[in-house]
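Q: Here's the letter readout for the chains.
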Amino acid sequence: MGSQFVDFNGDGHTDVLAATFDGSPHIMYGSAEGYGKPEHVMDAAGKRVLISSFWNYEDRAHQETGRSLGMDNPPKERCISALAFDWDNDGDLDLLLGSYENGHLYRQMNEGTNEKPAFTGKNIPIMAGDTPFAIKEKMTAPRLVDWDGDGDQDIIAGSFGDTYRDGPGGGVFLSINTGKIGKPSFGNLQVLIPRSKKGQASPTRPDAGLYVDATDHDGDGDLDLIVGGYSMWTPPARKLTAKEEARLSTLRDELAAIQKSQREFFKVVNDEVTASTKGMDRKSDAARAKATEIRKKYAQKRRKISKQSSQLNDEINALVPKPQRKPFVWLYERQ
Amino acid sequence: MRTRIMGLFTLASMAWASLLVPAMGQSSGPEFAAPQRLKAGDAYLGARRLYPSPVIQDVDGDGVGDVVIGDLMGKLTYANREIGDEGVTGFGRERPLKDRAGEGVKFHNW
Numbered sequence: 001m002g003s004q005f006v007d008f009n010g011d012g013h014t015d016v017l018a019a020t021f022d023g024s025p026h027i028m029y030g031s032a033e034g035y036g037k038p039e040h041v042m043d044a045a046g047k048r049v050l051i052s053s054f055w056n057y058e059d060r061a062h063q064e065t066g067r068s069l070g071m072d073n074p075p076k077e078r079c080i081s082a083l084a085f086d087w088d089n090d091g092d093l094d095l096l097l098g099s100y101e102n103g104h105l106y107r108q109m110n111e112g113t114n115e116k117p118a119f120t121g122k123n124i125p126i127m128a129g130d131t132p133f134a135i136k137e138k139m140t141a142p143r144l145v146d147w148d149g150d151g152d153q154d155i156i157a158g159s160f161g162d163t164y165r166d167g168p169g170g171g172v173f174l175s176i177n178t179g180k181i182g183k184p185s186f187g188n189l190q191v192l193i194p195r196s197k198k199g200q201a202s203p204t205r206p207d208a209g210l211y212v213d214a215t216d217h218d219g220d221g222d223l224d225l226i227v228g229g230y231s232m233w234t235p236p237a238r239k240l241t242a243k244e245e246a247r248l249s250t251l252r253d254e255l256a257a258i259q260k261s262q263r264e265f266f267k268v269v270n271d272e273v274t275a276s277t278k279g280m281d282r283k284s285d286a287a288r289a290k291a292t293e294i295r296k297k298y299a300q301k302r303r304k305i306s307k308q309s310s311q312l313n314d315e316i317n318a319l320v321p322k323p324q325r326k327p328f329v330w331l332y333e334r335q
Numbered sequence: 001m002r003t004r005i006m007g008l009f010t011l012a013s014m015a016w017a018s019l020l021v022p023a024m025g026q027s028s029g030p031e032f033a034a035p036q037r038l039k040a041g042d043a044y045l046g047a048r049r050l051y052p053s054p055v056i057q058d059v060d061g062d063g064v065g066d067v068v069i070g071d072l073m074g075k076l077t078y079a080n081r082e083i084g085d086e087g088v089t090g091f092g093r094e095r096p097l098k099d100r101a102g103e104g105v106k107f108h109n110w
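Going down the list, the protein sequences come from chains A and B. If you read the first sequence in this note's numbering, its first letter stands for residue 1, the second for the next number, and so on. If you read the second sequence in this note's numbering, its first letter stands for residue 1, the second for the next number, and so on.
One or more of the hints may lead you astray.
To be verified - Dumping the calculated DSS-like pairs for lysine-lysine here, alpha-carbon to alpha-carbon at most 30 angstroms:
id : chain 1 : residue 1 : chain 2 : residue 2
1  : B       : K106      : A       : K297
2  : B       : K39       : A       : K198
3  : A       : K136      : B       : K98
4  : A       : K283      : A       : K297
5  : A       : K47       : B       : K98
6  : A       : K296      : B       : K106
7  : A       : K37       : B       : K106
8  : A       : K122      : B       : K75
9  : B       : K75       : A       : K47
10 : B       : K106      : A       : K322
11 : A       : K183      : A       : K122
12 : B       : K98       : A       : K278
13 : B       : K75       : A       : K198
14 : B       : K39       : A       : K290
15 : A       : K307      : B       : K75
16 : B       : K75       : A       : K304
17 : B       : K39       : A       : K76
18 : B       : K106      : A       : K116
19 : A       : K183      : A       : K116
Unchecked claim - Computed spacing ranges between beta-carbons, pair by pair:
id : chain 1 : residue 1 : chain 2 : residue 2 : range
20 : B       : G102      : A       : K180      : 39 to 49 angstroms
21 : B       : Q36       : A       : T241      : 28 to 38 angstroms
22 : A       : T241      : B       : D62       : 48 to 58 angstroms
Hints are computed from structural coordinates only; laboratory data are not their basis. All C-beta atoms in this analysis are idealised placements derived from N, C-alpha and C, irrespective of residue type, glycine included.
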């Protein structure tokens with residue numbers, strides 16, 4: 001979830017705009033007393049601002065609508081990033097909406113004011129050069145920043161890449177604004193941080209899920225990058241002694257036994273949930289409450305099994321390192 | 001900008017690189033030092049968060065940008081940039097950003 005600190009309603013207090021995986025931007029208004037509770041940003045028709053895919057809280061389901069793209073069968077694109085930006089320099093903030101799938105960027109214009117916004121509900125693709133802005137390996141969140149120091153806002157954005165396996169990782173990209181204030185025009189995407197090839201023996205960089213911001217971190221007059229993301233690496237293995245080999249064999253047997261009992265345990269729990277909610281709407285509050293009640297009954301045993309499994313894994317990993325995946329925030333200091 | 005002495009090797013590399021056509025997928029922008037993991041107090045910034053998303057924002061109003069970290073679950077935390085005798089240094093420990101009710105900020109996810 002990328003976030004933007006901005007005076008969204010023009011009352012002199014900083015608000016926070018963010019979009020989550022529910023597919024819509026949210027706004028948390030600030031005041032002299034502090035922040036209120038986040039709420040969805042709505043369009044002029046009173047509908048949630050979105051791209052196409054969204055989580056329907058009433059139906060408790062992921063759904064699609066083509067209403068904002070003007071299509072009957074829209075591509076599945078979930079809005080997971082949002083920025084407020086006065087695109088046409090008319091004094092009110094419009095919206096930039098970023099999609100997870102395809103990494104597209106859209107603008108939705110505000111035909112009202114900051115105090116009384118009237119977002120059109122219609123998304124217009126933003127171009128990067130002659131083609132639609134697109135980060136195909138899935139975009140995290142774009143940021144607006146005057147990267148080239150010419151007084152207008154450029155776009156930097158990170159990509160997810162393959163966040164779990166060995167496929168190419170994420171990178172960070174730049175699109176320079178070559179237009180004018182009130183008539184931005186973004187250029188072809190350039191690489192700021194190349195996509196990760198992974199395969200390191202220690203954490204050396206963010207490899208996947210790169211969220212970026214730019215700031216002059218070291219005060220030397222140029223913009224550095226602050227990048228959150230997962231590092232994925234595999235520590236080097238070492239030759240084990242005969243005693244360690246024997247211990248490893250024992251640990252693996254014990255882990256296999258624990259995993260077997262874990263599967264049996266989950267089957268018992270799930271069977272009980274299924275039997276207890278038979279005939280009920282699985283998505284109903286009553287069914288969910290029943291399932292929670294049953295799972296709570298078994299929580300202590302679940303924790304015990306999980307702890308045993310975790311301890312065995314820790315000891316095995318100390319002997320035979322396995323791939324690591326951990327989140328950090330990194331500084332890329334510009335030279 | 002840090003002064004950098006370019007040797008013959010670097011000049012040769014630049015000449016060769018200038019023959020390449022920049023395109024997405026190639027590194028065509030500025031050069032960065034090897035990335036460094038940032039810390040908040042004694043812990044790594046963003047550790048144990050799902051998809052940490054940093055944003056620089058002056059949270060405490062001291063004129064210096066602090067770092068705010070969002071995550072997949074919709075939570076926001078922040079770490080103040082510390083100012084010591086020698087100027088701006090690292091970040092203090094990470095703590096939840098709170099709303100006016102004193103509760104940790106949480107954006108709705110599905």
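Q: Does each hint hold? Answer for all of them.
A: Each hint tested on the structure:
A distance of roughly 28 angstroms separates the Cα atoms of K106/B and K297/A; the hinted pair therefore holds under the 30 angstroms criterion. Between the alpha carbons of K39/B and K198/A the distance comes to roughly 23 angstroms, so the proposed pair stays at or under 30 angstroms and holds. Proposed proximity of K136/A and K98/B is contradicted: the alpha carbons are some 35 angstroms apart, above 30 angstroms. For the hint pairing K283/A with K297/A, the CA-to-CA distance comes to about 21 angstroms; that is within 30 angstroms, so the pair holds.
For the suggested pair K47/A and K98/B, the alpha carbons sit about 28 angstroms apart, so the restraint of at most 30 angstroms is met. Restraint check: the Cα-Cα separation between K296/A and K106/B comes to about 25 angstroms, which is no more than 30 angstroms; the hinted pair holds. Restraint check for K37/A and K106/B: the C-alpha separation of about 8 angstroms stays at or below 30 angstroms, so the hint holds. About 29 angstroms separates the Cα atoms of K122/A and K75/B, which keeps this hinted pair within 30 angstroms; it holds.
Of the pairs offered as hints, the one joining K75/B and K47/A holds, with about 24 angstroms between alpha carbons and a cut-off of 30 angstroms not exceeded. Between K106/B and K322/A the alpha-carbon distance is near 33 angstroms, which puts this suggested pair outside the 30 angstroms criterion. Annotation: proposed proximity of K183/A to K122/A holds, straight-line Cα distance about 19 angstroms (limit 30 angstroms). Distance check on the hinted pair: K98/B and K278/A sit about 42 angstroms apart at the alpha-carbon level, beyond 30 angstroms; violated.
Restraint check: the Cα-Cα separation between K75/B and K198/A comes to about 28 angstroms, which is no more than 30 angstroms; the hinted pair holds. For a cut-off of 30 angstroms, the pair hint linking K39/B to K290/A is broken: about 43 angstroms separates their Cα positions. With a CA separation close to 27 angstroms, the supplied pair K307/A and K75/B stays within the 30 angstroms bound. Distance restraint check for K75/B and K304/A: the Cα-Cα separation of roughly 29 angstroms lies within the 30 angstroms cut-off, and the hinted pair is therefore satisfied.
At roughly 38 angstroms between alpha-carbon atoms, K39/B and K76/A are farther apart than 30 angstroms, so this suggested pair is violated. Between the alpha carbons of K106/B and K116/A the distance comes to roughly 25 angstroms, so the proposed pair stays at or under 30 angstroms and holds. Among the hinted pairs, K183/A with K116/A is consistent with the structure: their alpha-carbon atoms are about 23 angstroms apart, no more than 30 angstroms. Remark: the range hint 39 to 49 angstroms for G102/B to K180/A is upheld by a beta-carbon distance near 45 angstroms.
Between Q36/B and T241/A the CB atoms are about 36 angstroms apart, so this pair conforms to the stated range of 28 to 38 angstroms. Between T241/A and D62/B, the C-beta spacing of about 55 angstroms keeps the proposed range 48 to 58 angstroms intact.
When the structure is compared with the earlier hints, violations turn up for hints 3, 10, 12, 14, 17 and for no others.
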